[in-house]
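Asker: So you can see what is in the structure, the chains are spelled out below.
Number of protein chains: 2
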Amino acid sequence: MSSDYTLYYWPIPFRGHFIRHILAHVGARWDEADIDAVEDLRATSPADQPYPFMAPPLLHDHRRDVWISQMPAIALHLGRAHDLITDEAQTMRLFCDASDVLFEITCHHGDRMWDEASWRTFTAHRLPRWMQLHEALASRTGVMRDRGFMFGADTPSLADLALTTLWHTMTTHLPALRPMLEAHAPTVAGVTDRIAATPAIAALNTAWETREPRYCAGQIEASLIDMLARYGA
Amino acid sequence: MSSDYTLYYWPIPFRGHFIRHILAHVGARWDEADIDAVEDLRATSPADQPYPFMAPPLLHDHRRDVWISQMPAIALHLGRAHDLITDEAQTMRLFCDASDVLFEITCHHGDRMWDEASWRTFTAHRLPRWMQLHEALASRTGVMRDRGFMFGADTPSLADLALTTLWHTMTTHLPALRPMLEAHAPTVAGVTDRIAATPAIAALNTAWETREPRYCAGQIEASLIDMLARYGA
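Sequence lines, in order, name chains W and S.
Start counting the first sequence at 6; every next residue gets the next number (this note's numbering).
Start counting the second sequence at 6; every next residue gets the next number (this note's numbering).
Note that these hints are calculated values from the structure, not bench results.
Take these hints with a grain of salt, some might be off.
Some chain S residues judged to face chain W by a derived CB distance under 7 Å, without partners named [claimed, not checked]:
| id | residue |
| --- | --- |
| 1 | Arg-98 |
| 2 | Ala-129 |
| 3 | His-130 |
| 4 | Ala-141 |
Simulated DEER-style distance windows between Cβ atoms [to be verified]:
| id | chain 1 | residue 1 | chain 2 | residue 2 | range |
| --- | --- | --- | --- | --- | --- |
| 5 | S | Arg-152 | W | Ala-52 | 16 to 26 Å |
| 6 | W | Ala-212 | S | Ala-202 | 49 to 59 Å |
| 7 | S | Ala-122 | W | Ala-122 | 21 to 31 Å |
Since the structure is predicted, the reported quantities are computational estimates derived from the model, not experimental observations.
Heads up, the beta-carbon is just placed ideally off N, CA and C, and yes, glycines get one too.
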């Protein structure tokens, strides 16, 4: 059985799970390029790349023969293809937020390592604020802890998947952050738990549960785990 | 005459011009919140914000009573409202690229300052690569230096505006970077010059030509200008 899509990304959750969760949710068949193929393609000169892109994730949609990079843009492509979009611009806003949060929690992809002072500041201010922002957005669009989806949809849309991959994935792979999510974003915790319990997403998450690296890989993952062990959140 | 839109942003080009260029191109009437109003709204707790958002730019669309944050999402909202989109996902990819480039050229919004080594590395590798990537994308969609628009459109679309605000604005306000753009992305230089010469964009750019801060403001603008003066590009 051939694949509908090939995903080029590292074998870690982080940005990749935003794409994998959508693919799993819609029941797509996809394969993932091996790590050497991803790195070779990334390092190819732009004129020689099959599709000019800076960094993974990169998706090849075989049926439409479309290539696309940038996590929010890939999500939009898939959301359109599989009729998963309720409020297009607000959904893109959530993917852009998610991209910012991933950037922040990894100190700009490991540009520096966490230390006690920067970690305490981040977990006292920016990280809970991101959670509060999404809590306010979710509750204003009518989501409740035990029912409802973003922007008034009857079924999960791309927006709910964005929140799930951001917050459920983060707090599953870095469980010391779960109490912060419960405290600052109980509605978000509720809706993302409900999405994560759907069979396709649950099966994907179970398959990744014990894999290493856990979340974003590298020294910055070690730094994050070290901060959580020492100072909590 | 009342405004169609209010833009909340600092009085600098940087991310704001991506929105201003679209507004000018479509002939929208907009006003801009003053800097204190922007800061007050940004600092308000999420539950009390009229629309929960982390950071400017933020747009209020008065006719539709819609608020939206995140530069690529605002662009998508405006592109839809004014029928400016040719290839939706590829256009979002360009706005996400632009966002990454702005992040990189400001060392993550001034998280650190440039020094000779980091500047020489950036201007030898990442910055020209971004230019080459957009050059390859533009030329493969049929753009030529003196004619054509992104994705085969007959008239400028949101994608052409994305490239214009990224590259024309950068090389206008930091002119020492213009030869690099000419060398690595002549087609991009061509199409963005043509867009920048259209009356609405030209009028906007003329009004900003001599304003200070020039580009991204702050110590990081001073650091950029210092690097360009000392080491060029």
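Asker: Each hint: holds or not?
Answerer: Going down the list of hints, with the structure as the test:
1. Arg-98: Holds, about 4 Å.
2. Ala-129: With a minimum Cβ separation of about 14 Å from chain W (threshold 7 Å), the hint on Ala-129 (chain S) is violated.
3. His-130: Interface hint status for His-130 (chain S): violated (11 Å vs cutoff 7 Å).
4. Ala-141: Since the shortest Cβ distance to chain W is 4 Å, the answer is holds.
5. S:Arg-152 / W:Ala-52: 16 to 26 Å: holds (21 Å)
6. W:Ala-212 / S:Ala-202: 49 to 59 Å: Between Ala-212 (chain W) and Ala-202 (chain S), where Cβ atoms are some 54 Å apart, the hint holds.
7. S:Ala-122 / W:Ala-122: 21 to 31 Å: holds (26 Å)
Of the numbered hints listed earlier, those contradicted by the structure are 2, 3.
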